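Going line by line, the protein sequences match chains A and B. Going by my numbering, the first sequence wraps up at 90, each residue one higher than the last. Going by my numbering, the second sequence wraps up at 786, each residue one higher than the last.
It should be emphasised that the hints constitute simulated quantities derived from the structure, not laboratory data. Keep in mind that this is a model prediction, so the values were computed, not measured. Take the hints with a grain of salt, since some may be wrong.
Claimed, not checked - So these bits of chain B aren't anywhere near chain A, every CB distance computed over 10 Å:
id, residue
1, Glu644
2, Val650
3, Asp689
Said to hold, decoys possible - Okay, derived cross-link-like pairs now, EDC-like style, lysine to aspartate or glutamate, Cα gap no bigger than 20 Å in a straight line:
id, chain 1, residue 1, chain 2, residue 2
4, A, Lys82, B, Glu764
5, A, Lys59, B, Glu765
6, A, Lys70, B, Glu686
7, B, Lys755, B, Glu662
8, A, Lys84, B, Asp709
9, A, Lys59, B, Asp709
10, A, Lys77, B, Glu765
11, A, Lys52, B, Asp703
Claimed, not checked - Quick list of simulated restraints, FRET-style, between CB atoms:
id, chain 1, residue 1, chain 2, residue 2, range
12, B, Ile751, A, Arg20, 41 to 47 Å
13, A, Ile27, B, Glu673, 39 to 45 Å
14, A, Glu60, B, Gly722, 34 to 40 Å
15, A, Gln40, B, Lys636, 54 to 60 Å
16, A, Lys74, B, Ser675, 24 to 30 Å
17, B, Gly641, A, Ser25, 53 to 59 Å
Where a beta carbon is used, it is the ideal one built from N, C-alpha and C, also for glycine.
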Amino acid sequence: MLALTRKKGESIIIGDGIEITVLEVQGEQVRIGIEAPKYIPIHRKEVYLQIQEENKEATKSDKESIEKLKELFKKD
Amino acid sequence: MHHNCQQPKTEVIEMTVKTKHFGEIEINQEKVINFKEGIPGFEEHKQYLLITDEEDSTSPFSWLQSLEDGDTAFVLINPFSFMPDYAPNIDEDYLKTLGEIREGSYLIYAIVVIPQDITAMTANLKAPIIINIETQKAMQAICQNEEYQIKHSIYAEFEKSQLKKAGE
Numbered sequence: 015m016l017a018l019t020r021k022k023g024e025s026i027i028i029g030d031g032i033e034i035t036v037l038e039v040q041g042e043q044v045r046i047g048i049e050a051p052k053y054i055p056i057h058r059k060e061v062y063l064q065i066q067e068e069n070k071e072a073t074k075s076d077k078e079s080i081e082k083l084k085e086l087f088k089k090d
Numbered sequence: 619m620h621h622n623c624q625q626p627k628t629e630v631i632e633m634t635v636k637t638k639h640f641g642e643i644e645i646n647q648e649k650v651i652n653f654k655e656g657i658p659g660f661e662e663h664k665q666y667l668l669i670t671d672e673e674d675s676t677s678p679f680s681w682l683q684s685l686e687d688g689d690t691a692f693v694l695i696n697p698f699s700f701m702p703d704y705a706p707n708i709d710e711d712y713l714k715t716l717g718e719i720r721e722g723s724y725l726i727y728a729i730v731v732i733p734q735d736i737t738a739m740t741a742n743l744k745a746p747i748i749i750n751i752e753t754q755k756a757m758q759a760i761c762q763n764e765e766y767q768i769k770h771s772i773y774a775e776f777e778k779s780q781l782k783k784a785g786e
């Protein structure tokens with residue numbers, strides 16, 4: 015991993031469309047501003063990881079359960 | 619270089635995939651849905667089939683079957699079936715990577731997790747599956763809405779709506 019030291023107000027440019035700015039530093043917390051083309055999704059990593067985990071769990075749903083569900087919610 | 623030079627068309631080859639839930643299914647290439655970025659956790663799977671229950675068209679459930687791996691399939695639910703005002707906030711420019719945005723050109727689903735105890739089932743409202751039915755391109759987008767949960771309990775919602783129906 016490339017490590018760069020930046021001060022408050024300083025930026026990093028990635029390619030020609032992405033700029034990351036250190037907005038504020040307070041103890042352990044860093045506030046970061048990101049400018050990027052809108053088609054590039056930006057997410058907090060922990061949210062992305064949670065969604066990965068949830069998707070893996072979803073593929074374990076079994077067909078018997080869904081059959082049970084369908085019975086339960088059948089329109090009469 | 620000729621701009622009107624057409625890309626060589628991929629031959630339509632009859633293909634089948636062995637699936638965990640549906641046995642061997644035939645793949646109609648025209649119905650293949652392409653996830654360019656894959657699905658988080660399954661980034662290497664790009665092609666899926668949307669399978670709906672033909673016998674029960676009122677069912678809110680569908681399946682998203684990976685064509686690269688027969689064992690990988692997701693249960694999807696129509697989120698509007700239990701939350702009619704569901705409105706995930708997704709950046710328009712990002713959505714446009716699937717193609718033009720037109721009235722009725724999109725299908726929105728939520729991935730469902732169904733544990734042994736079905737009353738504990740949840741739907742992922744935070745990251746809906748969005749399919750552009752005109753281009754057959756799709757993505758799992760993460761919406762900005764703080765109120766939508768990755769694990770939204772849906773069993774109670776269903777009971778409510780069933781009760782409502784019964785009361786009508």
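We went through each hint and held it up to the structure:
no.	hint	verdict
1	Glu644	19 Å, holds
2	Val650	19 Å, holds
3	Asp689	8 Å, violated
4	A:Lys82 - B:Glu764	32 Å, violated
5	A:Lys59 - B:Glu765	19 Å, holds
6	A:Lys70 - B:Glu686	16 Å, holds
7	B:Lys755 - B:Glu662	16 Å, holds
8	A:Lys84 - B:Asp709	34 Å, violated
9	A:Lys59 - B:Asp709	18 Å, holds
10	A:Lys77 - B:Glu765	30 Å, violated
11	A:Lys52 - B:Asp703	26 Å, violated
12	B:Ile751 - A:Arg20: 41 to 47 Å	45 Å, holds
13	A:Ile27 - B:Glu673: 39 to 45 Å	56 Å, violated
14	A:Glu60 - B:Gly722: 34 to 40 Å	35 Å, holds
15	A:Gln40 - B:Lys636: 54 to 60 Å	55 Å, holds
16	A:Lys74 - B:Ser675: 24 to 30 Å	27 Å, holds
17	B:Gly641 - A:Ser25: 53 to 59 Å	55 Å, holds
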